[in-house]
Amino acid sequence: KQEVTQIPAALSVPEGENLVLNCSFTDSAIYNLQWFRQDPGKGLTSLLLIQSSQREQTSGRLNASLDKSSGRSTLYIAASQPGDSATYLCAVSGANNLFFGTGTRLTVIP
Amino acid sequence: DAGITQSPRHKVTETGTPVTLRCHQTENHRYMYWYRQDPGHGLRLIHYSYGVKDTDKGEVSDGYSVSRSKTEDFLLTLESATSSQTSVYFCAIRGTGAPSYEQYFGPGTRLTVT
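So the protein lines, in turn, are chains A and B. Under the working numbering, the letters of the first sequence match residues 3 to 112, in that order. Under the working numbering, the letters of the second sequence match residues 135 to 248, in that order.
Extracted from the complex, chain B is given alone in its bound form (with noise of 0.2 Å):
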């Protein structure tokens, strides 16, 4: 599973509020990713990390910040849910095998905003 986790796993939250979700890595990868996994759209990425204060936007990044303080974490912000942001969300993490560099995900968190 490329040591990843997400916290919480289920979360319902009120629109307008500010909700962060949290990945975490124990493997060291440089690049690490946020997508959201919607019925009819797949997986879309929303925000990535190619290392500790470096990121960049996601096809669908509106609504949205990231943080990366440290190389283990990748923190997901909703400033002020809404309900279109009802969705899972899926961190992953790009292995270091060049020219590969093949993609592991962790296990999800399910957002409920009402």
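The following block holds chain A by itself, in its conformation from the complex (with noise of 0.2 Å):
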């Protein structure tokens, strides 16, 4: 069974920081793995996708690397705002399902 471990469970950084979300999986083999966004009490939100045979996306101040071989992935927010603050989920995709981590919660202080 696919497991997906994502660190730190917390972080908290001061504006402008640039900074990096961790996610782990222990099956390289997957379809593709995306990155979400998720404020308390909301949905989740899709931030970035990057399929299996890509290396790495980009969407403004965000990109998120995909090394399938080490199951690693990262998500790297540049020049962090109060409003990235929030929780960042990690998910693989298999045949039929998306299986998550538990997520970062992110803190930009002012």
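Just so you know, not all the hints are guaranteed correct.
[Stated by the list, open to error] As a list, the in silico DSBU-like pairs of lysine-lysine whose alpha-carbon atoms are at most 30 Å apart:
1) A/K70 to B/K204
2) A/K70 to A/K3
3) B/K204 to A/K44
4) B/K191 to A/K44
5) B/K145 to A/K44
6) A/K70 to B/K145
7) A/K70 to B/K191
To be clear, the hints were calculated from the coordinates, so they are not data collected in a lab. Here the structure is a predicted model, which is why all the values come from computation and not from measurement.
Given two chains presented individually in distinct reference frames, assemble the corresponding complex, making use of the accompanying hints.
Okay, structure coming up:
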């Protein structure tokens, strides 16, 4: 069974800092990997999707990388802002399912 | 938001009562999913559907049933609710952009079983 781990569970940084969130998974046979953002009491917003054949994807200040062979992905956030405060979830796709990590709760301090 | 709505958004019910949650989508997606989110477990798949009347079990399907009689609606039923089913339930659809198959999520239903 696919296991997805996100470290750290919580992270607090001052505004303007660049930061990296980590995701690891146990089975490299994935279709894709998605990063989501979840605000308290809200649903999930898809941030980036990396197909299994890709190494990275970029959207604005966000850059996600994928290393299937080592079972790792990182989400890089440049020049963090207080509005980036949320929980970030990593999910890897099997044939008919997404396997989720438990998330990293990010707080950006003004 | 991929045109996904969930109803009700909040519900409190008593142990032993039946509960049905509804997911509605407006974009004719073939694949639909029900997940539950619990502290310390992340999101876990309950059931999914790959077409009208075509459904299959996920990781945590015990105590739940689903139905899909129309493309746009996917219903999740708790036949006899238990306190362990207190959770936040999310519906999702799978986009049609092969091979990426990006999933998009609804706003969630917070269910409390007392």
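Sort out which numbered hints this structure fails and list those numbers smallest first. Numbers 1, 6 - these are the hints that the structure violates, sorted from lowest upward.
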